[in-house]
Amino acid sequence: MYKSKKGNRDSRSDFERELNILGENIMNGRITISNHLRHLGKEITKARHAPNKRINLLTINEMIRTFAMSANFHDLRDFETESDNENER
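full-length UniProt numbering applies: residue 1 is where the sequence shown begins, and numbers increase by one.
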C-alpha cells in the first residue's frame, strides 16, 4: 500500500484549507501574533488569489506556510497514531 511521505499535508487543497483556517483564526482573535513576529502580518497581506479564486502559492512565503501548519496542530490530538493502534492489539 502506498504511504504518503508528505506528513500531515497531502494535497494543495489541504494546504489551502490550512491557510484559510489560519486567516479565520487571526481575524477572530483565536491566534495572536507576538511583537517580534509582527512582520508576519505584512507577509500575510501579500498573499494573493489566482484568477481561478485559488490561493496563489507563489505569494506565500515559507514563514506563513510553517505558521499555517502549526496553527492546526491542535486538531491532530483527535487522530490515532500507529503506535496507539499497535498498543491496542
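Don't take every hint at face value.
Keeping only pairs whose Cα atoms sit at most 20 Å apart, straight-line, the calculated DMTMM-like set for lysine to aspartate or glutamate is [unchecked claim]:
1. LYS46 / GLU18
2. LYS42 / GLU16
3. LYS53 / GLU18
4. LYS42 / GLU62
5. LYS53 / GLU16
6. LYS53 / GLU24
7. LYS46 / GLU62
8. LYS53 / ASP14
9. LYS46 / GLU16
10. LYS42 / GLU18
11. LYS42 / ASP14
12. LYS46 / GLU24
Across the chosen pairs, the derived CB separations fall in these ranges [unchecked claim]:
13. THR45 / ARG12: 28 to 38 Å
14. ASN35 / THR66: 31 to 41 Å
15. THR66 / SER13: 25 to 35 Å
16. SER13 / ASN35: 28 to 38 Å
17. HIS36 / SER11: 16 to 26 Å
18. GLU16 / LEU40: 11 to 21 Å
Treat the hints as calculated values from the structure; they're not laboratory data.
Just so you know, even glycine gets a beta-carbon here, dropped at the ideal spot from N, CA and C.
The hints, checked one at a time:
no.	hint	in the structure
1	LYS46 / GLU18	17 Å, holds
2	LYS42 / GLU16	19 Å, holds
3	LYS53 / GLU18	16 Å, holds
4	LYS42 / GLU62	14 Å, holds
5	LYS53 / GLU16	11 Å, holds
6	LYS53 / GLU24	17 Å, holds
7	LYS46 / GLU62	13 Å, holds
8	LYS53 / ASP14	16 Å, holds
9	LYS46 / GLU16	15 Å, holds
10	LYS42 / GLU18	18 Å, holds
11	LYS42 / ASP14	23 Å, violated
12	LYS46 / GLU24	16 Å, holds
13	THR45 / ARG12: 28 to 38 Å	22 Å, violated
14	ASN35 / THR66: 31 to 41 Å	19 Å, violated
15	THR66 / SER13: 25 to 35 Å	19 Å, violated
16	SER13 / ASN35: 28 to 38 Å	33 Å, holds
17	HIS36 / SER11: 16 to 26 Å	33 Å, violated
18	GLU16 / LEU40: 11 to 21 Å	18 Å, holds
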